[in-house]
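**Q** Single-letter residue listing:
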Amino acid sequence: MNRKIRLGILFLTGLFVSFAISNISNAADEVAKLTTAPEVPPALSRAGGANVTVELETSEKKGTLADGVEYTFWTFGDTVPGPFIRVKAGDNVTFNLKNSGTSKNIHSIDLHAVTGQGGGAKATQTPPGGKTAFFFKALNPGIYVYHCATAHIPTHIANGMYGLILVEPEKGLPKVDREYYVFQGDYYTKGKTGEKGAQAFDVEKMRAEQPTYVKFNAMATPGNLKANVGETVRLYVGNGGPNLTSAFHVIGEIFDTVYQQGAVGSEPAKNVQTTLIPPGGAAIVEFKVDVPAAYILVDHAISRAIDKGAVGILEVTGAEVPQIFKPLKVGGADAGH
Amino acid sequence: MKNLKTSLVMVVLLIPLYLVFTMLNGSAAQADSDNHESAEHMALESSPDHEALETKVPSGKLAEVRAFKNLVASDEKSLSEAKAIYGGKGTCFNCHGEKGMGDGELASSFDPKPRNFTIPVWQKVRTDGEIFWIITNGTESGMPPFGDMLSDEEKWGLVNYIRELGKTGGVANKSN
Ligand SMILES: [Cu+2]
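Taken in order, these protein sequences are the chains called A and B.
One rule links them: number in the working numbering = place in the first sequence (from 1) + 688.
One rule links them: number in the working numbering = place in the second sequence (from 1) + 23.
These are calculated hints, taken from the structure and not from any lab test.
Here the structure is a predicted model, which is why all the values come from computation and not from measurement.
Every residue gets a Cβ at the ideal spot worked out from N, C-alpha and C, and that includes glycine.
You may find that some hints are simply not true.
Pairs of lysine-lysine, DSS-like flavour, derived with a Cα cap of 25 Å [unchecked claim]:
| # | chain 1 | residue 1 | chain 2 | residue 2 |
| --- | --- | --- | --- | --- |
| 1 | B | Lys92 | B | Lys147 |
| 2 | B | Lys79 | A | Lys810 |
| 3 | A | Lys914 | A | Lys1014 |
| 4 | B | Lys136 | A | Lys792 |
| 5 | B | Lys136 | A | Lys893 |
| 6 | B | Lys122 | A | Lys792 |
| 7 | B | Lys84 | B | Lys190 |
| 8 | A | Lys749 | A | Lys878 |
| 9 | A | Lys878 | B | Lys136 |
| 10 | A | Lys958 | A | Lys750 |
| 11 | B | Lys122 | B | Lys79 |
| 12 | B | Lys84 | A | Lys810 |
| 13 | B | Lys84 | A | Lys792 |
| 14 | B | Lys136 | A | Lys810 |
Output of the computed footprint for chain A on chain B, the stretches with three or more beta carbons under 8 Å from beta carbons of chain A [stated by the list, open to error]:
| # | stretch |
| --- | --- |
| 15 | 107-121 |
| 16 | 144-156 |
Extracted from the complex, chain B is given alone in its bound form (with noise of 0.2 Å):
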């Protein structure tokens, strides 16, 4: 009964502790992301493109998919092939453009529209861990889900196409 009453009274104690800590943690975070890129976020803040700063991951996924590991070496013959799947099968130039300017035929009927890929700040920030879990899972607010209609290999090929979509020399951009 003593021995309860002890733990009891430990656990209470601990609550508050604990709370304390997580906000301090979080805090840290916090600074460390607004530090990350002070001068530019505040820039953002009023820009339009703002919403590209914002990840389409859910927080509870974040640090797990910002650490997937990129399984296809960005090449000649592998960003040739996703070339052809996003101009393809894959169907991203529909709605993302074939420059990937998110002006695609389609894009009009979409709200919010379909992402530009070639907005510098959206490239900085985006890790390629969440580009390929949002081409897998799709949103919902229109884009759809890979899952099932594209390998892994197919989806990290595309991942480092739209890098390329993203640099003015880049391969994308040279004419056909």
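With the rest of the complex left out, here is chain A (with noise of 0.2 Å):
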């Protein structure tokens, strides 16, 4: 009799494990929660292996290049850079492409995450008002491009048709505090840089790589990165080009670690004032945000940040600790005499 119960018990917490477990791996079945630059979405808590839906759509809408002037980018998610996707490592990602019934061009999507024919390029051509899909698993970790390639390619990714995803290590990354999306572009326009009004894109000029502009989240909700002192500050940087090399460096801090080339299970660089990032590549950049300062964000080859906008503001607020850094008074600017 005893025995028969203590049987039952055991059949029925098998049951009931096994139901847990089905359930688990059901609520793994996700739908890919995609955030706007420069925000990212949040780290992932389960394991690699779920399956997870994208669902993205291509556009092209009016934004704002520079102050007065408009531009018609051409959009993954109606911003540039285009959503940050984020998945993990052994995945099986669905992926919906949608093109929006408002373009005027095919659109399609090659992510440099993706084990694939054009890493999805040549599944997903996508008519103004059509829609396509393929399947990928997420075999290697790091940081990845997406970016359309539609004929004529670098047409597409000029005019802003790029972002990024992220493939998280089974065990994740170290965690820090903040984390935020920065994607670098340049841009060609057919007046010089800071004619005012509608600009058209000037293909000669791409093709002569003297863009007129050059930006981070070129179309995303302006306002300053934020942190507070003392907390760790994660940057996954991308580069779309199409032409430029970025030398990115944050005036007044250094990396202390850099993933870089997007690099993830490599060992990390130490101690880095700036990195590089090619078009079509990313970085991880992680530094502890000592003092409170405006830091800013620039591509170091420096008329690119000073003269055709590529700047950032990572805006770190808190007490002041004059033993790392404290301006010093030496009288005014006669103190010599």
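Assemble the dimeric complex from its two separately framed chains, guided by the hints.
**A** Okay, structure coming up:
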């Protein structure tokens, strides 16, 4: 009798456990949460191997390239850069691409995180108002660029069709206090830098690799990145080009850690001042913000920053830490006399 | 053994025969196409429209492609549907231009340029089958393949519409 009860309990426990397990794997079937730059979706608290659906729509949309300069961007998700996508190594991803009915052009997507024909580009040539889809398994962890790959590809990229997809390693990335998404692109307008009004794309300037603007998060919500003194900040920095390699630098900071070229899994570099990010490449940089300041993100090919717009601001607030940094008073301008 | 030798000799003898035959055949075909439009051809050699003569269809497929039968009648209804595709989901106008002059907004991004459909000699030498094949398969140098994006019926409609673009008084050139 006793034994039968025990067996029964064992049986019920087994049932419960298997139910719970099947429930967990169901819970892992998810629609990827996408964010607009500079926001990054939260870290994934689950294991890899989930069935993830990504929904993305391409569009052509007017925006502001610089003060008083209007430009028709070609976009993923109505923003430039396109939304940040976050999955985990081992995930089974169903990618659904839509092209807005108001688009004038065909669009598509090539994700550098994809192993397969064209990174998805062949399967996703999508006419205005159309829909396409493909499946891929996220094999390699890392931070990857995605971009449109429809003819004429450089034109589609120059108009802003790119973004980042993070494939988290199985154990996730080390925990940090803040994560932000920054993406550089070079732009080519018919008018000179600073010329106001609606500006058309200039294919000749693009071929000559002479941009009129270089921007971070060209079409994203304006505003500064923010952090508090003592926090660790992680930036996912991508570069869409189409032409320029970025000398990415944050004025007044030193990168404690850099996953150069987004090589998650390799030993990261330590104590880096400036990191190279080629077109179609990305890096992850991390640093502790020790003192309050307005830290300025730049492409340190510095005329791009000062004259063409490649500037962003990380605003760090908190108490001064004079042991680390303080301005010294040495009197007025004529103090030396 | 003797049998084998004889057949070997036969084969060796046949090879030059075969070669001579194919060469004759080739030059005959060449002569044929030269006669076909020799005056025009000569004039075109030096004109900028010269490249319009060259088909974008791979030579191995050409015979088969030229024999394709247009499945859609060119009438008012099918032409207006095709016009909507040309200026809409087909996106043709972006590159080839609204009137088919090869001068769409994106034309300058391409080299070679998008085809100007109004060049008379192009209209003359290019068969419906070739146009259909190019719309389906695209080219390496910028024409996108529409095989998965448009139905065969839609593509044949576009072939007819491209013909209209080539006619000065055609439907396509009437103001909307
Ligand atoms: Cu595109």
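**Q** Hints the structure violates: just list their numbers, smallest first.
**A** 7, 10, 13 and 16
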